[in-house]
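Undergrad: Please arrange chain Y on chain B, whose structure you already have, making use of the hints.
Note that the protein sequences, when read in sequence, are chains B and Y.
Letter by letter, the first sequence follows residues 72 to 185 in the working numbering.
Letter by letter, the second sequence follows residues 376 to 493 in the working numbering.
Hints should not be assumed to be uniformly reliable.
[Said to hold, decoys possible] Just a few of them, taken from the derived set where beta-carbon distance is under 8 Å, the chain Y residues facing chain B:
1. GLN377
2. LEU382
3. SER384
4. PHE389
5. LEU419
6. LEU421
7. PHE483
8. ARG488
[To be verified] Computed far set for chain Y versus chain B, every beta-carbon distance over 10 Å:
9. VAL394
10. ARG397
11. ASN399
12. ASN416
13. GLY418
14. SER429
15. GLU441
16. THR447
17. SER448
18. HIS450
19. HIS457
20. SER459
21. ASP460
22. LEU481
Note that these hints are calculated values from the structure, not bench results.
Small disclaimer: the values here were computed from a predicted structure and weren't measured.
Here a beta-carbon is modelled for each residue, glycine too, at the ideal position from N, C-alpha and C.
What follows is the residue order along each chain.
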Amino acid sequence: NAGVTQTPKFQVLKTGQSMTLQCAQDMNHNSMYWYRQDPGMGLRLIYYSASEGTTDKGEVPNGYNVSRLNKREFSLRLESAAPSQTSVYFCASSDSPDTGNTIYFGEGSWLTVV
Amino acid sequence: AQSVTQLDSQVPVFEEAPVELRCNYSSSVSVYLFWYVQYPNQGLQLLLKYLSGSTLVESINGFEAEFNKSQTSFHLRKPSVHISDTAEYFCAVSDARPLDTGRRALTFGSGTRLQVQP
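Isolated chain B (complex conformation) (with noise of 0.2 Å):
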């Protein structure tokens, strides 16, 4: 039962350089989301996708994009890489109003920008 995969769980970038997180889910979710973890800030959220060919802006979409490429997968771009996005980036998918919305959460992936 693999939930919410996201790949590369860790990297390290130099400034200026770009990368593109991936993640998948297999539990036939229409939203999927991408947080960001910092200190003592919670998760911010940075963009999410309420279906299949749609995305929307989140609290921090500065320096991200994202694209859904399919119902399964929504991935996550930094074209040029700052130290300021040194995180922790958690993708997740959410089920069904009726069930309250449950967003599940992948494993994470820890990103530092040097």
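TA: What follows is chain Y alone, placed relative to chain B:
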């Protein structure tokens, strides 16, 4: 928009003692409320949630939380903690109105680190 305040960043407690982790929220609309737990180097796992009905909700591992609308609180409690409960706990809120699911993204508090000592 909603916001969540977790007043305690760290809560040290001895094993088998009771604990309460505080959570207050702010919202102009009806909300769903959640507690998530994060063990070291792992993702977040749902602990319990309030959607409607009984204001007292329980998890399978002995935690409970009570929705108090007048005080806009959703405090998490456990009568007797174990070493294995050491983790970070996040309170979260989402809009309960009939919306597209994507607009029901969670807003999180800053987290409370529960440290259970022997």
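Undergrad: Evaluate each hint against the coordinates.
TA: Status of each hint after checking the structure:
| no. | hint | result |
| --- | --- | --- |
| 1 | GLN377 | 11 Å, violated |
| 2 | LEU382 | 13 Å, violated |
| 3 | SER384 | 7 Å, holds |
| 4 | PHE389 | 25 Å, violated |
| 5 | LEU419 | 4 Å, holds |
| 6 | LEU421 | 6 Å, holds |
| 7 | PHE483 | 4 Å, holds |
| 8 | ARG488 | 10 Å, violated |
| 9 | VAL394 | 20 Å, holds |
| 10 | ARG397 | 15 Å, holds |
| 11 | ASN399 | 14 Å, holds |
| 12 | ASN416 | 8 Å, violated |
| 13 | GLY418 | 4 Å, violated |
| 14 | SER429 | 14 Å, holds |
| 15 | GLU441 | 17 Å, holds |
| 16 | THR447 | 18 Å, holds |
| 17 | SER448 | 17 Å, holds |
| 18 | HIS450 | 17 Å, holds |
| 19 | HIS457 | 23 Å, holds |
| 20 | SER459 | 19 Å, holds |
| 21 | ASP460 | 19 Å, holds |
| 22 | LEU481 | 6 Å, violated |
In this structure, the earlier hints numbered 1, 2, 4, 8, 12, 13, 22 are contradicted, and the remaining ones agree with it.
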